[in-house]
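*Asks:* Protein sequence lines, in the order shown, are assigned to chains L and C.
Residues in the first sequence are numbered from 1 upward in steps of one, following my numbering.
Residues in the second sequence are numbered from 145 upward in steps of one, following my numbering.
Worth double-checking, as some hints may not be accurate.
[As the list claims (entries may be wrong)] 27 Å max Cα-Cα, derived DSSO-like pairs, lysine-lysine:
1) C:255 <-> C:226
2) L:67 <-> L:32
3) L:64 <-> L:116
4) L:32 <-> C:255
5) C:226 <-> C:271
6) L:7 <-> C:271
Hint data in this document are derived by calculation from the structure and do not stem from the laboratory.
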Amino acid sequence: MIRITRKIEFSAAHFYHNPNLSAEENHRVFGKCNNPRGHGHNYALEVTIAGEPDPTTGMVLDLKELKEILQREVMDRMDHRHLNYEVPELAGLIPTCENIATVIWKLLEPKITSGKLDRIRLYESPDLFVDCTAASTNGAGSRK
Amino acid sequence: MNLSLTRRYRFSASHRLDTPQFSEAENRRVYGKCNNPYGHGHNYALEVTVTGPVDPATGMIANLVELDPFVEQEVIGPFDHKYLNEEIAEFQSLVPTTENVCREIFRRLEKFSAARLERVRIEETSKNSFEIARDN
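Start from the sequences and build out the full structure, keeping to the hints where you can.
*Replies:* Written out as structure tokens, the structure is:
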């Protein structure tokens, strides 16, 4: 099996706030991420597809096709947007790295028709990232 | 689908690879320039990976408001700008190779109660990295 990975970068604004908590609790739980005016990040997303290369093309998945899927599903939805207000899939969710990665996984998985979505790694900054892995792989996070 | 969160930290420390189980000549042969009696140092990068359910109230596996001070207290505070051989009690009788540093940091961080520690990975330099994952 071969794994191929493509990386994209997008920039977006967000803040953390749970309407079920008081203002004090929100501040205690979320710290500076609770600033209601929001703040932003340069997100980096690595998308890994696993599969056997097609004998004719020698490719697991045409990277041009993957690029178009990522443009449509992720860039058009999230780049230069406010994640709290402008992404319907995140409505009602706190736009943490965990929730954004889960939404991206669900958007991408059905669109990958050649090979299988194996892992996505979403960096909020160089010092913080979340991995989503397919249930059957042995990467970090797959163990119960 | 499985989810994990990884946070990256940095610390700088010195160490010397030397074991009383070897003679002076053997230590020099086995550890090479890492055996320099005055020690030497690295800028370590530490990756801490946790897993667990995403709390619906916070949208998080682990809240950095809790994880960062815990790692600071258990590892960064004690290790940063220190001589590991003498200033970390566990390394007074154990060679502070990055393998052993990985184990010691995993042991310290395993006490984090809000999520499950899955993996510790350390870059000793940009060329060498070491990692320890939880045994199943």
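*Asks:* Take the hints in turn and mark each one as holding or not.
*Replies:* For each hint, the structure was consulted:
no.: 1; hint: C:255 <-> C:226; in the structure: holds, 23 Å
no.: 2; hint: L:67 <-> L:32; in the structure: violated, 34 Å
no.: 3; hint: L:64 <-> L:116; in the structure: holds, 16 Å
no.: 4; hint: L:32 <-> C:255; in the structure: holds, 26 Å
no.: 5; hint: C:226 <-> C:271; in the structure: holds, 22 Å
no.: 6; hint: L:7 <-> C:271; in the structure: holds, 22 Å
Violated hints amount to a single one, hint 2; each of the other numbered hints is respected by the structure.
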